[in-house]
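Enquirer: Each chain is listed here by its residues.
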Amino acid sequence: MANEYRIFVANKSREYLCRHGQNILSSSIEQGVRVIKRGCLGGGCGFCKIRVEAGQYELGKVSIKALPAEERKEGFVLACKTVPLSDLVIRISGD
Amino acid sequence: MGVMRLGRVEARVLDLEKSIDYYSNVIGLQLVAREPGKAYFKAWDEEDHHSLIITEADYPGLEHMGFKVRYQEDLDTFEKAIEQYGIRVNRVSNRHRIGEGEAIRFTLPTGQVMELYHEIERIGNGLKLNPDPKPENLKGIAPPYLDHLLIAGEDVPATTDLLMKVMDFHMSERVILHGDELFAVWLFRTNTPHDIAIIKGPNGKLHHFAFGLSSWEDVLHAADCLAKNEVVLDEGPTRHGITRGLTIYFFDPSGNRNEVFSGGYIPGEDFTPVTWTEERLPRGIFYHKGEITERFTGVFT
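If you read the sequences in order, they're chains A and B.
Under UniProt numbering, the letters of the first sequence match residues 1 to 95, in that order.
Under UniProt numbering, the letters of the second sequence match residues 1 to 301, in that order.
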C-alpha cells in the first residue's frame, strides 16, 4: 500500500500529494495548494464538490442534499470526505 | 404576554455520537436526555430542560426552532393570529419530544419550521440559593445560554413582516442593497441585539446558531478550545459592525455553522434600527477585516 497518493488537478494543471488515510481537501490545504474551495470540512455544505475523473477512492458520510445520489454516480464527491485508494485525477467543479 | 426568547434549536446531524461528543465536550453543554436518534442539551445557566436537540439525519441543517412564550394561553392567541395572517398552523402534542409540552408549529415564508411553546420541564441551573457565580466542573467553551440564530430565504421581507407584525419582534439592524432591497434583518424580543436574523439566500436554510458568552476573554478562551480540539474555523475571533458583537464562527462535525457571541448593545422596544448599505457592509459583517468571504456568505446547511 502506498504511503502517499498523487492527486492531479486536471483543469488547473497542478499536482499534490495526499497521505494514506487523509482526505484530499485537508491534504491540499496543509500544502498550501488552494485549488479546492474549503467549506465546513464536515460533508455538510457541498462547497468542496469536485469530480473524480480517474482512480479509486472511499467517500465518507456526506449530506444527501449537498451530494445527491445521481451526482455521486457520475463521480462527483465532496473532497473533505474523499480518501484516495489510488492516485487520482480530479476536476474542480464549475470551471 | 408574547414571545420571550429563542428557547430551542433542533439541528440535524450526520453522525449522532460524534456530535454528542462535540456538543458535550467542546461546546460544553450538558447532555440532559437521549432517545434513539436524538440527544438533548442545555447550557449551564439555562433553567429549561433543553435548548439544543440534535437529530441524526442524511443531511444537516435546521429541523425546527422554538420560541418560548410567556403564558400557555399565548398559544391560542398566536394560533389565531398566524392563521389570520394566512399561514397554516398545526398543534404539536404534549410530550412529542422529551420534556416538552404542547406547541404550535408553522412554516415561515422563508421555509423554516418554527414552533411556539410555553410548557417545558424546568430542571434549573442550580444557582438559586446563596449561589456561586458558576457551577462546578464546566467543560469546553461552556456558554451560559443559547443566544440567537440566522436563517436564510428568498423573501426576507415576508418573514420579517410576519415576525414583526404578528409576534411583535423589533428590528435592531437591517441591510438595504440597491437603494430598496431588504437583504438582511436582525430582530429581537429580548434585550439583546438579535434573537433571530434573516438573510437573503436559499429557502429553508440555516446560516448558524449562536451561544452567548459574557466577555471578550470568554471569546478568546473559546477560540483556544476550538483550536485545541481542531474544530473547523470559519471566521474570527473578531467584531461585527452589525450588533457590535464579538464573535467566532466555526463548524460542527456535520457542517452546521456555530457561533459564540458576546457583547452588543441593549436595545429597547423603541430602538431606532441601524441601516447598512453596500459601501460599508463588509465592515458591518467583519469590522476589523472589512471583507466578506465567499465561505461566510455561501455556506448554508
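These aren't lab readings, by the way, just hints derived from the structure by calculation.
A hint or two may mislead.
Below are the SDA-like pairs computed for lysine to any residue, each with C-alpha atoms no more than 20 Å apart in a straight line [what the hints assert, rightly or not]:
(1) A:K37 <-> B:V113
(2) A:K37 <-> B:T293
(3) B:K80 <-> B:P109
(4) A:K37 <-> B:K38
(5) A:K65 <-> B:A223
(6) B:K289 <-> B:K228
(7) B:K228 <-> A:V35
(8) A:K61 <-> B:K139
(9) A:K61 <-> B:K80
(10) A:K73 <-> B:G99
(11) A:K65 <-> B:K289
(12) A:K65 <-> B:H64
(13) B:K139 <-> B:E269
(14) B:K18 <-> A:G21
What you are looking at is a predicted structure, and each value in this text was computed from that prediction instead of being measured.
Enquirer: A separate judgement is required for each hint: does it hold in the structure or not?
Expert: So, going through the hints one by one against the coordinates:
1. A:K37 <-> B:V113: Violated. K37 (chain A) to V113 (chain B) sits at ~30 Å, over the 20 Å cutoff.
2. A:K37 <-> B:T293: Cα-Cα ~12 Å, so holds.
3. B:K80 <-> B:P109: Holds, at about 17 Å.
4. A:K37 <-> B:K38: violated (31 Å)
5. A:K65 <-> B:A223: Status violated; Cα separation ~30 Å.
6. B:K289 <-> B:K228: violated (24 Å)
7. B:K228 <-> A:V35: violated (27 Å)
8. A:K61 <-> B:K139: violated (28 Å)
9. A:K61 <-> B:K80: With Cα atoms ~43 Å apart, K61 (chain A) and K80 (chain B) exceed 20 Å; violated.
10. A:K73 <-> B:G99: violated (43 Å)
11. A:K65 <-> B:K289: violated (32 Å)
12. A:K65 <-> B:H64: holds (17 Å)
13. B:K139 <-> B:E269: violated (36 Å)
14. B:K18 <-> A:G21: Between K18 (chain B) and G21 (chain A) the Cα gap is close to 19 Å, so the pair holds against 20 Å.
In summary, the structure is inconsistent with hints 1, 4, 5, 6, 7, 8, 9, 10, 11, 13 from the numbered list given earlier, while agreeing with the others.
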